[in-house]
Amino acid sequence: MKFIRKRDKKQSLPPGTLTYVGEEQQRKDAVITVINYGKNTYEEKTIETIEESYSAITSDRQTWINITGLTDIKTIEKIGKELEIHPLLLEDIVNSEHRPKLEVNENHMLAIVKRLYYSEEEEELQNEQISIILSKNVVITFQEFAGDDFETIRKQIRHSVGGIRACGTDFLFYRLLDSVVDRYIIEVEELEDRLEELEEKIIDNPEQSLLHAIYQKKHDVVGCKKIVTPMKEVISQIQKSDFPYLTEQTKFFIKDIQDHMIDVTEKAETTRSMITGLIELYYSSVSYKMNEIMKVLTIVSTTFIPLTFIAGIYGMNFHRMPELHSKWGYPAVMGGMVLIAIGMFIYFRKKKWF
Amino acid sequence: MKFIRKRDKKQSLPPGTLTYVGEEQQRKDAVITVINYGKNTYEEKTIETIEESYSAITSDRQTWINITGLTDIKTIEKIGKELEIHPLLLEDIVNSEHRPKLEVNENHMLAIVKRLYYSEEEEELQNEQISIILSKNVVITFQEFAGDDFETIRKQIRHSVGGIRACGTDFLFYRLLDSVVDRYIIEVEELEDRLEELEEKIIDNPEQSLLHAIYQKKHDVVGCKKIVTPMKEVISQIQKSDFPYLTEQTKFFIKDIQDHMIDVTEKAETTRSMITGLIELYYSSVSYKMNEIMKVLTIVSTTFIPLTFIAGIYGMNFHRMPELHSKWGYPAVMGGMVLIAIGMFIYFRKKKWF
Amino acid sequence: MKFIRKRDKKQSLPPGTLTYVGEEQQRKDAVITVINYGKNTYEEKTIETIEESYSAITSDRQTWINITGLTDIKTIEKIGKELEIHPLLLEDIVNSEHRPKLEVNENHMLAIVKRLYYSEEEEELQNEQISIILSKNVVITFQEFAGDDFETIRKQIRHSVGGIRACGTDFLFYRLLDSVVDRYIIEVEELEDRLEELEEKIIDNPEQSLLHAIYQKKHDVVGCKKIVTPMKEVISQIQKSDFPYLTEQTKFFIKDIQDHMIDVTEKAETTRSMITGLIELYYSSVSYKMNEIMKVLTIVSTTFIPLTFIAGIYGMNFHRMPELHSKWGYPAVMGGMVLIAIGMFIYFRKKKWF
Amino acid sequence: MKFIRKRDKKQSLPPGTLTYVGEEQQRKDAVITVINYGKNTYEEKTIETIEESYSAITSDRQTWINITGLTDIKTIEKIGKELEIHPLLLEDIVNSEHRPKLEVNENHMLAIVKRLYYSEEEEELQNEQISIILSKNVVITFQEFAGDDFETIRKQIRHSVGGIRACGTDFLFYRLLDSVVDRYIIEVEELEDRLEELEEKIIDNPEQSLLHAIYQKKHDVVGCKKIVTPMKEVISQIQKSDFPYLTEQTKFFIKDIQDHMIDVTEKAETTRSMITGLIELYYSSVSYKMNEIMKVLTIVSTTFIPLTFIAGIYGMNFHRMPELHSKWGYPAVMGGMVLIAIGMFIYFRKKKWF
Amino acid sequence: MKFIRKRDKKQSLPPGTLTYVGEEQQRKDAVITVINYGKNTYEEKTIETIEESYSAITSDRQTWINITGLTDIKTIEKIGKELEIHPLLLEDIVNSEHRPKLEVNENHMLAIVKRLYYSEEEEELQNEQISIILSKNVVITFQEFAGDDFETIRKQIRHSVGGIRACGTDFLFYRLLDSVVDRYIIEVEELEDRLEELEEKIIDNPEQSLLHAIYQKKHDVVGCKKIVTPMKEVISQIQKSDFPYLTEQTKFFIKDIQDHMIDVTEKAETTRSMITGLIELYYSSVSYKMNEIMKVLTIVSTTFIPLTFIAGIYGMNFHRMPELHSKWGYPAVMGGMVLIAIGMFIYFRKKKWF
Ligand SMILES: [Mg+2]
Ligand SMILES: [Mg+2]
Ligand SMILES: [Mg+2]
Ligand SMILES: [Mg+2]
Ligand SMILES: [Mg+2]
Ligand SMILES: [Mg+2]
Ligand SMILES: [Mg+2]
Ligand SMILES: [Mg+2]
Ligand SMILES: [Mg+2]
Ligand SMILES: [Mg+2]
Ligand SMILES: [Mg+2]
Ligand SMILES: [Mg+2]
Ligand SMILES: [Mg+2]
Ligand SMILES: [Mg+2]
Ligand SMILES: [Mg+2]
Ligand SMILES: [Mg+2]
Ligand SMILES: [Mg+2]
Ligand SMILES: [Mg+2]
Ligand SMILES: [Mg+2]
Ligand SMILES: [Mg+2]
Ligand SMILES: [Mg+2]
Ligand SMILES: [Mg+2]
Ligand SMILES: [Mg+2]
Ligand SMILES: [Mg+2]
Ligand SMILES: [Mg+2]
Ligand SMILES: [Mg+2]
Ligand SMILES: [Mg+2]
Ligand SMILES: [Mg+2]
Ligand SMILES: [Mg+2]
Ligand SMILES: [Mg+2]
Ligand SMILES: [Mg+2]
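Residue numbers (the numbering used here), protein chains in the order written: chain Z, 1 to 354; chain D, 1 to 354; chain C, 1 to 354; chain F, 1 to 354; chain A, 1 to 354.
With the rest of the complex left out, here is chain Z:
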């Protein structure tokens, strides 16, 4: 089976045709992990086929199923069929370039969110799509790559810290979202720091490479904005929804995430205006340097051109030039030149040119 990656291939496909469009280059089997927990119980296992997980879902315990790898279309289709998720939603889950969005029906609440992270190799802010489904007694998470920010939460469940085990799956749902949003704050603040570093470098020496660096960071800023704006909307929709498996108590916690999202949105807006400021600063520094160059050129030219002219006068070969025969001709001319040079010096000082 040919591995479809380009979005272009999707035109006029029948709706609900699952197509992974992300950055993973090879098709891999999905890794499915199931965590079962209750007030006093805890069980964690990695399973082979999705069918094994269903036995685990009972009404007296909470179940968290985590699927890593969106290229395994078949497994995801099977999960979708079992849980009665509409094919169009499954299509959105595996379309890892989808905008954050919330979809609610009577049995499921699906939040498609984005994990932000800074890739040191590519020196770029990147994102991973994470889809979180909340249903009765079960939370299902879909991740693009291995490795995540959810490990802390797993530990808290494992060691019964922070009260997750005492609450329903809606509280787990909240904690997962909260963890995603907490990361936004960190990444946006680090972006601010990188922009401040850039500012110092520009003040030091405005090389053109720094302008390219600014434009590269602008990508991060814009990309960040594109995630943050719909995420704010998603959180606010969760808050306003009347999904039966989301308690009022948990909604109070969701409101706390809303506060964070307002904060992140403002910070993202700030980085945006920092970019504008950096571009202005770059040009100002370049024009300052240009100014310096012009001043040197003008001082040198303006000082020597008249002197050279005078030297030229006395280099003329006219037979009758009385000054040439005078004993004091040479020292007088040299003295005059020195006076002119001093006059220029005073003039430039007055103009504050140096």
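To be clear, the hints were calculated from the coordinates, so they are not data collected in a lab.
Errors might be hidden in some of the hints.
[Claimed, not checked] Just a few of them, taken from the derived set where beta-carbon distance is under 7 Å, the chain C residues facing chain F:
#1 N36
#2 Y37
#3 L88
#4 F304
#5 L307
#6 T308
#7 G315
#8 L324
[Stated by the list, open to error] With a cut-off of at most 27 Å between alpha-carbon atoms, the simulated DSSO-like pairs for lysine-lysine come out as follows:
#9 Z:K352 <-> D:K352
#10 C:K251 <-> D:K78
#11 Z:K225 <-> D:K255
#12 D:K101 <-> C:K289
#13 C:K225 <-> F:K289
#14 Z:K251 <-> Z:K101
#15 A:K327 <-> Z:K351
#16 C:K289 <-> F:K267
#17 Z:K255 <-> Z:K101
#18 F:K267 <-> C:K218
#19 D:K295 <-> Z:K350
#20 C:K232 <-> D:K225
Idealized CB from N, CA, C, for every residue including glycine.
Model the placement of chains D, C, F and A with the ligands on the given structure of chain Z, informed by the hints.
Chains D, C, F and A with the ligands alone, transformed into the frame defined by chain Z:
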């Protein structure tokens, strides 16, 4: 009959006077194709007169009538009369510069949309107006030119793929719209690619021709925006309408198109800010080059002007110039000049001028 | 009676004091034309006093009274009194600088609109205020100057073309508005053409006079925007009003005008961004030319300054300069100069300076 | 008693502490004028203590009390107590830097408005705070300084012109507001004229002092905007209020003021974009001049530098320079120089440099 | 216990984990002050443990508890538990970088606000987070640092001035907010003054250090905006809330704060456009100076280059140069040079170059 093309001619015409205003230069007969399909039947034919098609419309099968060519005013008038479409709507269908819009009455839903395509000859994003009418058991499409993106859908009906044959005409209506919108994503992403190519060229050598190229692409960006914004509105109106021949099930699919439209709108907005970025980059590169020129001029002038002055001094013809008679005069002056040049070199290095 | 023209004079005047503020320099008598028509009848006459017209208004025919000339305050006051139009509305009708607006009471619908036209003498987009009153069986139009775009409509009534005679006065009201709005499209598109012409001239040779031309056209663009925005509002208010003498059928036609207004508004917005683009283009072209000048200056200076220095060296009068006595001194120096010039040439080529 | 002027002093003061913050330097007694009028009666007097005025307020006549001078805190406190105006509102009345606002309770309608006027001495648009209270049968106006635009209205009452005497106090209230707003139109149009004058000066000679003049006018523009925007809101609130002492008939007149406010707001917005245009024009003119300077420099340098080099060649002292001994050497070199100069001239012409 | 300061550390912490994130470097015990007052009673004390304060809260007197120092997590947790404040709200109270917000439940109204102050050492506008809780008969304030603007209010309670003692705690709540907002006006106006100072310096001599100063002040402006916008929202929410312990009478006073907030927001917006104006002014001044430099360079070069050329001509060593032998050759050439110089002078004057 004189062929009216200029919009100007329309002033104070009685309302409902059909006037084609597009790019087709000659009047051609409209080509009418009829596809009849049901769960187990399929029939496709090209007909001469529109009357032939009506026998085909029955309540147990779906009918798709496609009319290509908007210059054949008479045929279109006839179709309008038969189907009881208001003359003002027919006027909009043949006015191929009309804004995308939705018109709903109790029997018809008319969507005037735009197919985006990139013309390789004119190196420009162009559009074709497509009007889609959904009625009971029938879908009628009007196209400006031959050739379209609907071929894939025709094949799927023909070979009974993707479930169109099992659904009503409202699902066909959805698939046609979806195919139009899918194309937007492709075109906008290719526009992004062309802008990125332009960026590389500017960094390489900022010729003024590239500025014109930017402004040309700006046309594409603006044109794209002008189509995408009302299209988003059209899709959203379809979603909110309560047209009796559009089922709730199909509306869920329309919601998927809405997601695409949000995505396209954002991407179009991105190309807009890319244009701004490119203009800034162009000017930055030009001013960088100017800077380089100034530096060369200043280094050369500042180095040689004082030296030339010194040479001028000893070219003066004064009778009493003791240095001229000195044995070491010439080498001493030459040495002094070298020292001055070295001093300049160190000064420029310190200033990071080269 | 002194002819009041300056708006300043209106401060603290009692409300309802009619004051013409437009461009007509002399007071003229108003010209009153009355057209009476029905399905099978047509009558047209120019009358002296407004009283004559009332006999014409009967319930079995439609009457269109057209008044040209807003300086004839007395006649207009008389009309106002007869038709029971509030003095404040009459004040707005003769205030030919009034913003487009709609005023509806139980008996009258008053639309104050603006006819756009391009004055070839003043090379400027200008407007004429037209007030249209719709009442039971009568339409009254007030114009500032003679000559209008309504002639086509008069002909259609006269020769019973386009169905006006078969409809009520509300349809005439629609046709008058439609004719005004159709003209907007023409004028805005011609404005676009003039801006494109300007663009070509700037690319050809960016003279400062062209910058002034841009700013002059900006006046047209802004003026156009100022008319178009409230007009869109007026049309939309007519559409939403529940004025008893405006039928639902005619409202469907008004909706068509609404489409045109959206189109015009967008086009006006486009001309606005064209102006911005032209200003940018002008500066780019100027800076390109500056760049060219700098390159020529630098190439000439950078080539000749070192050569002149060398010539200066051998123009010094030192007694001991062995090169001067050498047989090959002169040709060697000349050859060296040629080599330096060639080196410069290669350097500039590499820098892509010419 | 120390005269408090600085707003700073107001921090943490108990609410309702009256503090004048305007430009009047000395404390003066308030001047109180009372006008009593009815259909056939008219009486006007200046009184010493506010108590005298109350006897005048009767239900069969209208009373207009005008207080000039906001530094007389005591008198104003007394008026407030008598009329049962809330101390916080009195605080706003004497705070002459307050934003225009409307305050309505069951007995009073208080409009805090701003009179705009151009101060010839300070060459600046300034404003005076005017508070107008409408109550049953009485209008009270508070002014900051003597001298106002209400004189015309007083005359119309005195000589029974314009129908004020036949109407209630709400009509007087309308006339006062109308007079304030009429003045806005005049001032904004004069501001436009001053900006146009500035434009001509910049085109003539772009001195830096003109840039400062632009920034000064920008103050006027911004100040104007700050008054006009809340004023529009105030008028619209009056229109929408259901204050019992404001008749529907008068509200129709208020709607006329609303039209004026829309007009003023648009004009103020125009002046804003005129400022932007002027700044652009200034820079364009400066850069045009710079361009001119560069062209002169380049033409002179480029013409003479090569010629001077040639002269330098033949100024060298080599013993063997055959040209020097040739009879035609001198005229040949001079001729060559002339040819080079002509070549340059043709080159520059072709480049359209002069 | 390690002192957590970095926000980063908060990711995936269980909700309600109190973490101080502000600028205080060391952990200090909170200082708790309790003021008890009634119409005729007043008592003020500093207590050690929060439990002591509760005995003071009785229904016949008002209690104001002030806690200074947010690093003392334990004490604050204890207060939270006693007063039944949700842990998430406590988390916000100690998170001293929180956005201003209002939280209302049936027993408490919590306003998180920011005190603005100018730090002379850091030459920067800074803020302190102040949380104010209004409950039945009690107001609790949390401050970050010692020292505040509430001292005036304490004095007014102590000396029974301004009527606080006669009112309930909601009036105290209003007075505290009013005092915070009054300070905004002062700080924003002082910011305006500092920007005006900067303007004068730039006009005097546009050094690059001033550009950095502008960017520093921009921080203040942006920071100010970030506080003022949500504060306006907080005040408006208080106004619209139906919290039972906030009387209608006090709400009328809150409306007065709303007026102030509109004023502050506008002033903050003004400082924003002042920053833009300053940057423009800086560049204008720099380019003006550049212009001056170019003019001097061009005048000197253009004057002397042709003269030097002439001197070069007569410095050539041709044997046959008749002028050299002429008696009047030297004075004629010198005279010619003077004439050329005068011509240049006149040309430059005409061009208004000096
Ligand atoms: Mg599809
Ligand atoms: Mg991705
Ligand atoms: Mg992962
Ligand atoms: Mg959080
Ligand atoms: Mg930072
Ligand atoms: Mg919180
Ligand atoms: Mg028409
Ligand atoms: Mg087309
Ligand atoms: Mg086609
Ligand atoms: Mg699609
Ligand atoms: Mg790309
Ligand atoms: Mg989808
Ligand atoms: Mg008036
Ligand atoms: Mg006019
Ligand atoms: Mg006319
Ligand atoms: Mg039309
Ligand atoms: Mg065109
Ligand atoms: Mg139409
Ligand atoms: Mg106060
Ligand atoms: Mg004032
Ligand atoms: Mg006054
Ligand atoms: Mg008025
Ligand atoms: Mg004017
Ligand atoms: Mg303004
Ligand atoms: Mg009016
Ligand atoms: Mg947390
Ligand atoms: Mg802080
Ligand atoms: Mg404090
Ligand atoms: Mg206050
Ligand atoms: Mg000030
Ligand atoms: Mg107040």
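How the hints compare with the structure:
1. For N36 of chain C, the shortest C-beta to C-beta distance to chain F is roughly 33 Å, which exceeds 7 Å, and the interface hint is violated.
2. At about 34 Å, the closest approach between the beta carbon of Y37 of chain C and any beta carbon in chain F exceeds 7 Å, and the interface hint on this residue is violated.
3. Below 7 Å, beta-carbon pairs count as interface contacts, and L88 of chain C has one with chain F at about 5 Å; its hint therefore holds.
4. Interface hint status for F304 of chain C: upheld, as the beta-carbon distance to the closest one in chain F is roughly 5 Å, under 7 Å.
5. For L307 of chain C, the shortest C-beta to C-beta distance to chain F is roughly 5 Å, which falls under 7 Å, so the interface hint holds.
6. Checking T308 of chain C against chain F by beta carbon gives a least distance of about 5 Å; that is within 7 Å, so the hint holds.
7. Here the hint on G315 of chain C is kept, as its CB sits about 4 Å from the closest CB of chain F, short of 7 Å.
8. A distance limit of 7 Å between C-beta atoms decides the matter here; for L324 of chain C the minimum to chain F is near 5 Å, and the interface restraint holds.
9. A distance of roughly 22 Å separates the Cα atoms of K352 of chain Z and K352 of chain D; the hinted pair therefore holds under the 27 Å criterion.
10. A hinted pair counts as satisfied when its Cα atoms are at most 27 Å apart, and K251 of chain C with K78 of chain D qualifies at roughly 25 Å.
11. Straight-line distance between C-alpha atoms of K225 of chain Z and K255 of chain D comes to about 24 Å, which keeps the hinted pair within the 27 Å bound.
12. Distance hint between K101 of chain D and K289 of chain C is unfulfilled; the C-alpha atoms sit about 46 Å from each other, more than 27 Å.
13. This hinted pair does not check out: K225 of chain C and K289 of chain F have alpha carbons roughly 34 Å apart, beyond 27 Å.
14. With a C-alpha separation of about 18 Å, the suggested pairing of K251 of chain Z with K101 of chain Z holds against the 27 Å cut-off.
15. Using a Cα cut-off of 27 Å, the hinted pair K327 of chain A and K351 of chain Z is violated, with the two alpha carbons roughly 44 Å apart.
16. Between K289 of chain C and K267 of chain F, the direct Cα distance comes to roughly 38 Å. Violation of the 27 Å bound is thereby established for this hinted pair.
17. For the proposed pair K255 of chain Z and K101 of chain Z, the alpha carbon gap of about 18 Å is at most 27 Å, so the pair holds.
18. Between the alpha carbons of K267 of chain F and K218 of chain C the distance comes to roughly 16 Å, so the proposed pair stays at or under 27 Å and holds.
19. The suggested pairing of K295 of chain D with K350 of chain Z holds, with an alpha-carbon distance near 25 Å, which does not exceed 27 Å.
20. For a cut-off of 27 Å, the pair hint linking K232 of chain C to K225 of chain D stands: about 21 Å separates their Cα positions.
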